[in-house]
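Numbering-wise (the numbering used here), the sequence shown opens with residue 73 and increments by one.
Source of the hints: derived by calculation from the structure; they are not laboratory data.
All values derive from a computational prediction rather than experimental measurement.
Just so it is clear, CB atoms sit at the ideal spot from N, CA and C, and this is done for glycine as well.
Hints may contain errors.
Label-pair restraints from in silico Cβ distances [unchecked claim]: (1) Gly-130 to Tyr-351: 45 to 53 Å; (2) Gly-520 to Leu-622: 53 to 61 Å; (3) Tyr-339 to Pro-168: 29 to 37 Å.
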Amino acid sequence: MRSGFNYLATFLWLGSLVGGYAEQKPAIAALKLEPGERLKVDGVLEEEAWQRAAKGGGFRQYDPGRGTPATERTEFAIAYDLDHLYVAVWCYDSEPGSVMARSMVRDRMYTGSDFVYLFFDTYHDQRNGYVFAVNPTGAQSDALITNNTGTNFSWDGIWTSKATITQEGWFVEMAVPFKTLSFDPEGTVWGFNMSRRIRRKNESIRWTGWKDEIKSHNAVEAGDITGLGGMRQGLGLELSPYAVGRFGSGGSEGDSLGGDAGANIRYRVTPSFSATLSYNTDFAETEVDQRVVNFSRFPLFFPEKRDFFLEDSGIYDFGPGIRRKSRGPTLLPYFTRRIGLADGEIVPIQLASKLAGRLGDYDVGLTHARIDGASGVGEQDVFAARVTKQVFAQSRVGVIATGGNPASDLDNYVGGLDFTYRTNEFLRDKILEANFYALGNYAEAAGGGHGTDYAFGAQLSYPNDRWDGTLSYMEIGPNFNPALGYVRRKGVRTVSGLLRRKDRPGGSGWYRQLARGADFQVSSLTSGGLDSARFGVVPFNIDFASTDELFLRISHDVDRPLEGFDIGSVTVPAGHYSWTKARLEYETTSSRPVWGEFSVEAGQFYDGWRAKASAELEWNPNRHFRIKGSYQYNRVDVGGGEFDAHIGSLGVNWNFTPDLGWSSLVQYDSLSREVGFNSRIRWEYRPGSTIFLVLNQSLLAEDRGLGLERSDLTLKADATFRF
Numbered sequence: 073m074r075s076g077f078n079y080l081a082t083f084l085w086l087g088s089l090v091g092g093y094a095e096q097k098p099a100i101a102a103l104k105l106e107p108g109e110r111l112k113v114d115g116v117l118e119e120e121a122w123q124r125a126a127k128g129g130g131f132r133q134y135d136p137g138r139g140t141p142a143t144e145r146t147e148f149a150i151a152y153d154l155d156h157l158y159v160a161v162w163c164y165d166s167e168p169g170s171v172m173a174r175s176m177v178r179d180r181m182y183t184g185s186d187f188v189y190l191f192f193d194t195y196h197d198q199r200n201g202y203v204f205a206v207n208p209t210g211a212q213s214d215a216l217i218t219n220n221t222g223t224n225f226s227w228d229g230i231w232t233s234k235a236t237i238t239q240e241g242w243f244v245e246m247a248v249p250f251k252t253l254s255f256d257p258e259g260t261v262w263g264f265n266m267s268r269r270i271r272r273k274n275e276s277i278r279w280t281g282w283k284d285e286i287k288s289h290n291a292v293e294a295g296d297i298t299g300l301g302g303m304r305q306g307l308g309l310e311l312s313p314y315a316v317g318r319f320g321s322g323g324s325e326g327d328s329l330g331g332d333a334g335a336n337i338r339y340r341v342t343p344s345f346s347a348t349l350s351y352n353t354d355f356a357e358t359e360v361d362q363r364v365v366n367f368s369r370f371p372l373f374f375p376e377k378r379d380f381f382l383e384d385s386g387i388y389d390f391g392p393g394i395r396r397k398s399r400g401p402t403l404l405p406y407f408t409r410r411i412g413l414a415d416g417e418i419v420p421i422q423l424a425s426k427l428a429g430r431l432g433d434y435d436v437g438l439t440h441a442r443i444d445g446a447s448g449v450g451e452q453d454v455f456a457a458r459v460t461k462q463v464f465a466q467s468r469v470g471v472i473a474t475g476g477n478p479a480s481d482l483d484n485y486v487g488g489l490d491f492t493y494r495t496n497e498f499l500r501d502k503i504l505e506a507n508f509y510a511l512g513n514y515a516e517a518a519g520g521g522h523g524t525d526y527a528f529g530a531q532l533s534y535p536n537d538r539w540d541g542t543l544s545y546m547e548i549g550p551n552f553n554p555a556l557g558y559v560r561r562k563g564v565r566t567v568s569g570l571l572r573r574k575d576r577p578g579g580s581g582w583y584r585q586l587a588r589g590a591d592f593q594v595s596s597l598t599s600g601g602l603d604s605a606r607f608g609v610v611p612f613n614i615d616f617a618s619t620d621e622l623f624l625r626i627s628h629d630v631d632r633p634l635e636g637f638d639i640g641s642v643t644v645p646a647g648h649y650s651w652t653k654a655r656l657e658y659e660t661t662s663s664r665p666v667w668g669e670f671s672v673e674a675g676q677f678y679d680g681w682r683a684k685a686s687a688e689l690e691w692n693p694n695r696h697f698r699i700k701g702s703y704q705y706n707r708v709d710v711g712g713g714e715f716d717a718h719i720g721s722l723g724v725n726w727n728f729t730p731d732l733g734w735s736s737l738v739q740y741d742s743l744s745r746e747v748g749f750n751s752r753i754r755w756e757y758r759p760g761s762t763i764f765l766v767l768n769q770s771l772l773a774e775d776r777g778l779g780l781e782r783s784d785l786t787l788k789a790d791a792t793f794r795f
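Turn these sequences into a full structure, and let the hints steer you where they fit.
Have a look at this one:
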């Protein structure tokens, strides 16, 4: 084993040596405003300061014409005072009447709209940073970037922006308080990049770094902002109290009326490290989960949506973070939905605390929560800790630990370590990433004593434009059971791989990219014998010039369940099964007012067959209104039985301004015969302070119509005060 790791380390080192080539990055000087000089954030870029500021330009395409000049002129300027960073963007357009602006929804403003996307590497470490994006309606999106690959778009920073459309194009002005950012107070240079999407042309341009496989938030490709210094963050204290009132009716609980209050207190111990205390943590405004039906023998995965846990969540990223669109991750040592939720029901969190940020070359995270007992279990204390150290140019090594069991009084602990090697200079200008990780689990047994088990793995990735490949190995012990984590399956050894070739035509063709590839995944039991396997081939994945996309996948599956399991209303008995199926998908471009995604899938399924058809359609007639519907039909004949499954949803968004919106969602599936309704009004009456009015209803489809099972109405108001 030691010699194998030595060979791999030598291979990675030699590949990096072949690099040694660095492209000259651009830089722009930030203008320091004079004492008493103010900028009004209104999207009208007429202040004298913007005339004095240095202008950045020279944008080039990274899609479709890699490295070719942009077809529309774009410029930007940066200024700052003691408390704010200001950015002005001039998006000139030869057809200003064709500027597309169809969404006012925060974090969903990319759909069908032009936009600008700004990235700041505030430590100039070429690893982490912040994203701020704005479209022509003034709608915002923001994100935290971790180690150039992890993106947390659920983070909502406090900042302001305005956009205007004129006869010359559209223009953006934004102000980000330094209290919103973590940065090195001694640093005078930040990393920076900016991209612009010209939606009607399906053209994407960038200030620097024109590889399509590199994201605009990749700090290694960023240019520089120079001339910074003397910024302040105040006392670093942030207080966010809230009050909530609830009225519920129906169900076993009957009618109820009540209220509650709590607060979050955050203190910046240093400009880059903060402590947060949350009393009586509340998540009334959290969006509901998507309704799905499970057609496998493995548990479903639902992602975290609660802001308290999403903030700083990138610190806890562990290993390669393998995720599949349809099935979620295979293994997470720390999964925050284990805290405060049990079988989808809320378990009150009495007190929660977090330490998060950077201490020198170390990124540190520590989370503790005290939660009420669930299902006869007493009050529980749980914690998670994560420390990573930056090594080499883009790599890191880290440890993780969790403790506590929300579902039991029995002790449960997990400890692990991981190493991520990453370079964008492999074979001169290619990306190469390698991950190694190992975990151990200690679990107290119900009858006394305890058990221990393990999980470990490695992954090698080559995520580049022409060739894209991944090879990975993972082994999870049969008794590996992290109480604060997520494991899709235990007692297996899994080998998986992917190889994909992407071709782009020269000149202006009818398609932009043609991708073809193959993948496999083979899982065997640690006790011996094959558990499951999947082999797939993609004859074509065509990205048309319009950005419509057509995709075909043919796969052969093998499954050998040791026990019978239920799918819908039928039972699949234990046995050895293999089957072949095909899936065809077509997705239209969101540049159109009406766009959607359609797919059909058919083939064998265990000892029978399954046919599936799905459609998702969205209509954006203007910037204020959006309606989206989805429907999936499944016809299943398996295990000596058959059934139909219908899953549908309809969502409506009405946004009066970027800060005031009303959204409603109704969902239904025919197996449970349940209808879920969620309606939410959100008003951000000032940056960082919001009022929510939320209605949740659960109904049951009966022969005589819909019967109301439970209805809950919640009003919540919060405010943020910074000192």
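Hint check:
1. Gly-130 to Tyr-351: 45 to 53 Å: Roughly 51 Å apart at Cβ, these two residues keep to the hinted range, so it holds.
2. Gly-520 to Leu-622: 53 to 61 Å: holds, 60 Å
3. Tyr-339 to Pro-168: 29 to 37 Å: Between Tyr-339 and Pro-168, where Cβ atoms are some 46 Å apart, the hint is violated.
Checked against the numbered hints above, the structure violates only hint 3.
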